[in-house]
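Chain order of the listed sequences is A and B.
Each residue of the first sequence is one higher than the last, beginning at 1 in the working numbering.
Each residue of the second sequence is one higher than the last, beginning at 319 in the working numbering.
Be a bit skeptical, because a hint or two may be false.
Claimed, not checked - The calculated lysine-lysine pairs, modelled on DSSO-like cross-linking and capped at a C-alpha distance of 27 angstroms, are:
id, chain 1, residue 1, chain 2, residue 2
1, A, 316, A, 210
2, A, 272, A, 314
3, A, 216, B, 361
4, B, 320, A, 133
5, A, 5, A, 171
6, B, 361, A, 316
7, A, 188, A, 171
8, A, 113, B, 361
9, A, 133, B, 361
10, A, 210, A, 197
11, A, 314, B, 361
12, A, 127, B, 320
13, A, 206, A, 171
14, B, 320, A, 47
Unchecked claim - Distance windows between CB atoms, simulated:
id, chain 1, residue 1, chain 2, residue 2, range
15, A, 204, B, 350, 51 to 57 angstroms
16, B, 379, A, 155, 22 to 28 angstroms
17, B, 379, A, 189, 29 to 35 angstroms
18, B, 328, A, 120, 28 to 34 angstroms
19, A, 204, B, 372, 20 to 26 angstroms
20, B, 368, A, 131, 30 to 36 angstroms
21, B, 378, A, 2, 48 to 54 angstroms
22, A, 25, B, 368, 31 to 37 angstroms
Since the hints were made in silico from the structure, they are not lab data.
Note that CB positions come from ideal geometry on N, CA and C, so glycine has one too.
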Amino acid sequence: MAKLKLASYWAAACGGCDVAILDVHEKILDIAAAADIVFWPIATDFKYRDVEAMPDANIDVTLFHGAVRNSENEHLAHLLREKSKVLVAFGSCAHIGGIPGLANLFTREEIFKRVYGESPSTVNPEKVEPQAKVTMPEGEITIPEFYDTVKSLNQVVEVDYYVPGCPPTPKQIWNVVQAIVNGQLPAKGTVIGASEKTQCDECQRKKQEKKITGFKRIATAQPDPDTCFLEQGFLCMGPVTRGGCDTRCQLSGVPCRGCYGPPPGVLDQGAKALSAIASVIEAKEEADVQRIIDEIPDPLRSFNRFGIPASLIKRKVL
Amino acid sequence: MKRISIDPITRLEGHGKIEIFLADDGSVANAYFQVPELRGFEKFVEGMPIEEVPRVVSRICGV
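Working from the sequences, and respecting the hints, build out all of it.
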């Protein structure tokens, strides 16, 4: 059998997904035995022109990390869709927008103003901001257009599979690789490399009936290491987050922030979080309800930490 | 003017490209290193609870 052709690409990403792939350690040799890497910027020296020169559907599987944040990301999403038989949205950014998607709570102008004008480490008296095209004495040079809105991969091209997580765990990556190599991928459109349960179903912390009379912050209060975070009043996205990561954050002493995205059957993770929290608040007077709600730290960015672009609100109104 | 584009630069974290312009005699007239990416962490962490910031800015670079 011919070796598989694999590609791995990062759009608006941090490189953590690529490193998570390398974190399969010596099993990377098994991947190399089963597949040829035809494009992987972090590890190999193929150029965009090499991908452009490929026949359509030349790549068996592309693992696409990162959100679509600028015109280069979008171009590569279309290019790799064209060149790949199977396109996988790999990691939270490609899956649901990820951390870069938090930028959708601001406009492009607000971001540029802060980054290139106001940040304490910036010296820019001429107030230069990035331009997609600049004419230099030797010729024109270009950079990608920075979009107002960050998108998940499936908002730009058709996606065959989703591997959630920021980053996906090496154990789950290995499961996905085995499914690819052995031709055991499920129906298209499926979330793979995760479980069908919620974080709470898989969390080892002791749970009783949840009745929240106030919210605390781990910056100012010490959580009990063996008890459910939410029952102690620490905001946790466990009830509204897909499992499969072995609850690595909860085991590290911090509440889940939702990187594995919504569990099966949930359209909007943030809205579901709002609903879940509302149902466990224990208050008799309206004033108590208001006090408890006011204690939720940064609700918008906590309920939607990884999934603003894929949420129903998608972004701040322009 | 002849131009050599290195796009993308590889085997490092992040995105970059290099445009090299050559004079008629083949010598390098000028070269531009460009960073074609921005995500805007400087803006979207503003006002965030301090204990949440390390969990967000660790995604600036995962390498």
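Regarding the pair residue 127 of chain A and residue 320 of chain B, is the alpha-carbon distance no greater than 27 angstroms?
violated (31 angstroms)
Taking only the CA atoms, is the gap from residue 210 of chain A to residue 197 of chain A under or equal to 27 angstroms?
holds (19 angstroms)
Checking one constraint from the list: CA of residue 5 of chain A to CA of residue 171 of chain A, max 27 angstroms. Satisfied?
holds (22 angstroms)
Given the hinted pair residue 314 of chain A and residue 361 of chain B, is their Cα-Cα distance within 27 angstroms?
With Cα atoms ~18 angstroms apart, residue 314 of chain A and residue 361 of chain B stay inside 27 angstroms; holds.
Checking one constraint from the list: CA of residue 361 of chain B to CA of residue 316 of chain A, max 27 angstroms. Satisfied?
holds (14 angstroms)
Taking 22 to 28 angstroms as the hint, is the beta-carbon distance of residue 379 of chain B and residue 155 of chain A inside that range?
holds (25 angstroms)
Between the alpha carbons of residue 320 of chain B and residue 133 of chain A, is the straight-line distance 27 angstroms or under?
This hinted pair holds, its Cα atoms lying about 18 angstroms apart.
Are residue 320 of chain B and residue 47 of chain A close enough, with their CA atoms no more than 27 angstroms apart?
holds (19 angstroms)
Quick check on a hinted range of 29 to 35 angstroms for residue 379 of chain B and residue 189 of chain A, using CB atoms only.
holds (31 angstroms)
Is it true that the CA of residue 133 of chain A sits at most 27 angstroms from the CA of residue 361 of chain B?
holds (24 angstroms)
Between residue 188 of chain A and residue 171 of chain A, does the CA-CA distance stay at or below 27 angstroms?
holds (22 angstroms)
Do the Cβ positions of residue 378 of chain B and residue 2 of chain A conform to the proposed distance bound of 48 to 54 angstroms?
violated (39 angstroms)
In the structure shown, a violation is registered for the earlier hints numbered 1, 12 and 21, in ascending order.
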